[in-house]
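Protein sequences appear in the order of chains D and V. Each residue of the first sequence is one higher than the one before, counting from 1 in this note's numbering. Each residue of the second sequence is one higher than the one before, counting from 1 in this note's numbering.
Derived from the structure by calculation, the hints contain no laboratory data. Honestly, I wouldn't trust all of these hints.
In this list, chains with the same sequence are indistinguishable; a pair is considered to hold if it fits within one copy or across any two.
Straight-line C-alpha distance at most 25 Å; calculated SDA-like pairs for lysine to any residue [stated by the list, open to error]: (1) LYS160 x HIS269; (2) LYS23 x LYS222; (3) LYS20 x GLU58; (4) LYS20 x LYS145; (5) LYS102 x ALA294; (6) LYS20 x THR280; (7) LYS263 x GLY165; (8) LYS102 x ARG209; (9) LYS211 x LEU110; (10) LYS336 x LEU371.
There are 2 protein chains.
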Amino acid sequence: MNKTKIGIIGLGTVGSGVFKTLKNFSNIEIVKISVKNLDKPRNIDGLDKSLLTDNSMEIVNNPDIDVVVELMGGVNPAYELLTEAIKNGKHIVTANKELLAKHGEELFTLAEKHNKVILYEAAIAGGIPLIMPIKTILAGNKINKIHAILNGTTNYILTKMDTDGVSYEEVLKEAQELGYAETDPTGDVEGFDAAYKITTLATIAFGKRVKIENVYREGITKIRKEDMAKANELGYKIKLIATATIDEQDRADVRVHPMLVSKNASLAHINYVTNAIEITGNPVGTVVLSGAGAGEFPTASSVVGDILAINSEINKNEYILPMMRCRHESNAIPVKIEDTFNKYYISITAPNAIGVIAKIGTICANKNISLSSILQKEVFENNNAEITVITEKCQEKLIREVVEELKNCTVDSIIRVAE
Amino acid sequence: MNKTKIGIIGLGTVGSGVFKTLKNFSNIEIVKISVKNLDKPRNIDGLDKSLLTDNSMEIVNNPDIDVVVELMGGVNPAYELLTEAIKNGKHIVTANKELLAKHGEELFTLAEKHNKVILYEAAIAGGIPLIMPIKTILAGNKINKIHAILNGTTNYILTKMDTDGVSYEEVLKEAQELGYAETDPTGDVEGFDAAYKITTLATIAFGKRVKIENVYREGITKIRKEDMAKANELGYKIKLIATATIDEQDRADVRVHPMLVSKNASLAHINYVTNAIEITGNPVGTVVLSGAGAGEFPTASSVVGDILAINSEINKNEYILPMMRCRHESNAIPVKIEDTFNKYYISITAPNAIGVIAKIGTICANKNISLSSILQKEVFENNNAEITVITEKCQEKLIREVVEELKNCTVDSIIRVAE
Numbered sequence: 001m002n003k004t005k006i007g008i009i010g011l012g013t014v015g016s017g018v019f020k021t022l023k024n025f026s027n028i029e030i031v032k033i034s035v036k037n038l039d040k041p042r043n044i045d046g047l048d049k050s051l052l053t054d055n056s057m058e059i060v061n062n063p064d065i066d067v068v069v070e071l072m073g074g075v076n077p078a079y080e081l082l083t084e085a086i087k088n089g090k091h092i093v094t095a096n097k098e099l100l101a102k103h104g105e106e107l108f109t110l111a112e113k114h115n116k117v118i119l120y121e122a123a124i125a126g127g128i129p130l131i132m133p134i135k136t137i138l139a140g141n142k143i144n145k146i147h148a149i150l151n152g153t154t155n156y157i158l159t160k161m162d163t164d165g166v167s168y169e170e171v172l173k174e175a176q177e178l179g180y181a182e183t184d185p186t187g188d189v190e191g192f193d194a195a196y197k198i199t200t201l202a203t204i205a206f207g208k209r210v211k212i213e214n215v216y217r218e219g220i221t222k223i224r225k226e227d228m229a230k231a232n233e234l235g236y237k238i239k240l241i242a243t244a245t246i247d248e249q250d251r252a253d254v255r256v257h258p259m260l261v262s263k264n265a266s267l268a269h270i271n272y273v274t275n276a277i278e279i280t281g282n283p284v285g286t287v288v289l290s291g292a293g294a295g296e297f298p299t300a301s302s303v304v305g306d307i308l309a310i311n312s313e314i315n316k317n318e319y320i321l322p323m324m325r326c327r328h329e330s331n332a333i334p335v336k337i338e339d340t341f342n343k344y345y346i347s348i349t350a351p352n353a354i355g356v357i358a359k360i361g362t363i364c365a366n367k368n369i370s371l372s373s374i375l376q377k378e379v380f381e382n383n384n385a386e387i388t389v390i391t392e393k394c395q396e397k398l399i400r401e402v403v404e405e406l407k408n409c410t411v412d413s414i415i416r417v418a419e
Numbered sequence: 001m002n003k004t005k006i007g008i009i010g011l012g013t014v015g016s017g018v019f020k021t022l023k024n025f026s027n028i029e030i031v032k033i034s035v036k037n038l039d040k041p042r043n044i045d046g047l048d049k050s051l052l053t054d055n056s057m058e059i060v061n062n063p064d065i066d067v068v069v070e071l072m073g074g075v076n077p078a079y080e081l082l083t084e085a086i087k088n089g090k091h092i093v094t095a096n097k098e099l100l101a102k103h104g105e106e107l108f109t110l111a112e113k114h115n116k117v118i119l120y121e122a123a124i125a126g127g128i129p130l131i132m133p134i135k136t137i138l139a140g141n142k143i144n145k146i147h148a149i150l151n152g153t154t155n156y157i158l159t160k161m162d163t164d165g166v167s168y169e170e171v172l173k174e175a176q177e178l179g180y181a182e183t184d185p186t187g188d189v190e191g192f193d194a195a196y197k198i199t200t201l202a203t204i205a206f207g208k209r210v211k212i213e214n215v216y217r218e219g220i221t222k223i224r225k226e227d228m229a230k231a232n233e234l235g236y237k238i239k240l241i242a243t244a245t246i247d248e249q250d251r252a253d254v255r256v257h258p259m260l261v262s263k264n265a266s267l268a269h270i271n272y273v274t275n276a277i278e279i280t281g282n283p284v285g286t287v288v289l290s291g292a293g294a295g296e297f298p299t300a301s302s303v304v305g306d307i308l309a310i311n312s313e314i315n316k317n318e319y320i321l322p323m324m325r326c327r328h329e330s331n332a333i334p335v336k337i338e339d340t341f342n343k344y345y346i347s348i349t350a351p352n353a354i355g356v357i358a359k360i361g362t363i364c365a366n367k368n369i370s371l372s373s374i375l376q377k378e379v380f381e382n383n384n385a386e387i388t389v390i391t392e393k394c395q396e397k398l399i400r401e402v403v404e405e406l407k408n409c410t411v412d413s414i415i416r417v418a419e
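So here's chain D without its partners, still in its complex pose (with noise of 0.2 Å):
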């Protein structure tokens, strides 16, 4: 058996992961690493420094290797590095989820141009068993629902907002000096990070093409430590969900923002950092996959299966797991935010209790929305009345007329609520 000659671009956490990891795989050669700093001190036992380079187009250009592994993340110069690692004929692996969902398109039509194979098990949900079991085992279903947790800082974070009772500012503080959160955490806060990787997940597993363009998406900073407790109180727990639905004709639904998930959900009970993806189809059901979305480990365990499966297929003379290419031949059609269906939890501070849960029962009456739970406290130091209520399903344009109509009140939080 020949041995497969991989080249990666990168060596930080997961590179690391990796190379440590292929340690014990005999049929996997590294011919090469790129790195930023060839000065840097790294504590990797085994590694031989005559392997490093910091010029990754000695990587891409290597006559010798057959798989370019991309470890290095972002959009520059990652996808020009590919471009012409496809064209000089080299599979890839990558855990680059923001180059795949806004350039994901463009690698996977070169790739199946130049018969190459494009895998990223690691760009989404890092260990987790997702995109493989989807293309093969699950490649008898019409996957048309997708809910999941894919971020883990955010995860951290409300999970300590909710264990703790404590603010979003103080928890990220916290987690910001564990090294749970970046400097700068717009990334995952924001949602940017989790929109990325619905997007490809959401292409893939529908088989249509999903632009993150027509992602909606919504972070995790103005939910309080007040919303926490309420939800609680009413049987739920706040977690930011991502979210792909497509129907019959093709109308896809993607979207990231935090949701009410209840209590007997799977959903609810995953913490902390770990991630979990729901996945329904027919005839399956519902699967729920789920384990540590990040870290070195983790992460690598899928880049190496990434390398083994082509390295499995090369050795059969055959340069592809047929079932491993990404199809979709043509787009998603987007679904605009504004005219989905949601359930919401509302949060009202007013004065006048029982003045508000009058207005507010007429203001959505007249739209027809109905109320199926309503909480109320008093708040005594300033004698005003706090009115949570959670809504039936309606559109999502009406919920924001019906915000427009409460204008004498202070409308706290709105946030949508998974059925």
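Chain V: place on chain D using the hints.
Below, chain V alone, put in the same frame as chain D:
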């Protein structure tokens, strides 16, 4: 692209689901289906009666058929039929857990010899993607632990006992009326079904053959509603757990028995007929896969996924997904249950609470066994006391001695406790 031609043995619940699902796949042609009774009325849309035969040999000997899909269950005549089919050059897809547990070794060896595959995703945990992920995307891992709920009937019974506070006998009767339990429930409630599944699952995951005769097995028939209540009070749920661990010396401890599972553990939230599998390996850490473990359509999803995988390979003129081969060069070394270390829940009835606690304390202390929880309840009607203890981890043979020495008390239950 050539159509892959299949023959199906058995047209019961799963067979019907497979037939209905395959209607959407024009690349798969059903050539023949064998049934027990040709005259039985079957309400299956699009079923052409001329496809049916009551002679399964017509399928295994049909030179047109590429893949034999065995959905009849049981060891005989399935074993003879599949042996013949492999010798005749056919790939196998099967949902037969008992056959694989008892004759997997012979069948896989025969298939290797004839360059054929046996795929069996549906045999373990119905629609949950499990076997294919282990063999493909998790292939870079050394899996060393599996902890799973693999039998829907017993999980349904235990869930109902817990939520409704009723006895095993009452729930069994109801489950039988609802069709969740069979008239003779032995295969499920005594743990045989789960034992078959964990035998094959552990073999695949560890890459070492586990033999069914080395799998310790205990059912749920002795679980009392009082145990459910006490477990709850102590922070646990009781589940029938199939568990397998392997150490560096290839010593495999594989068993099925009830366990107390902490309410914080993910398996504690797996209720009714849902199955779940926790897989722990290096580098991935722990992943949890859950979903419907049985039923017409979930099981069909796995059968069809396996058929499509074979189809995808056949059409490259390559006969096999190399990663899907069942390889295990050697047997695992069995571990006797007496030699294992566990935590134990022990429930005792005795006339004198204080005396009993002192006695248990002394007996355990003499064997170096620590107690982590003690729960005592007075039973007013007969002046007896109920005492429940949970031990720290200790060897099974010592616990058996403890029970022996507690001869003056009634030991009502001993249940192992998951860590």
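Right, here's what the structure says about each hint:
no. : hint            : in the structure
1   : LYS160 x HIS269 : both (13 Å within a copy, 20 Å between copies)
2   : LYS23 x LYS222  : neither (45 Å within a copy, 49 Å between copies)
3   : LYS20 x GLU58   : within (22 Å within a copy, 52 Å between copies)
4   : LYS20 x LYS145  : between (36 Å within a copy, 21 Å between copies)
5   : LYS102 x ALA294 : within (21 Å within a copy, 39 Å between copies)
6   : LYS20 x THR280  : between (36 Å within a copy, 18 Å between copies)
7   : LYS263 x GLY165 : both (17 Å within a copy, 21 Å between copies)
8   : LYS102 x ARG209 : within (12 Å within a copy, 46 Å between copies)
9   : LYS211 x LEU110 : within (18 Å within a copy, 48 Å between copies)
10  : LYS336 x LEU371 : within (24 Å within a copy, 59 Å between copies)
In terms of the numbered hints stated before, the structure departs from hint 2 and from no other.
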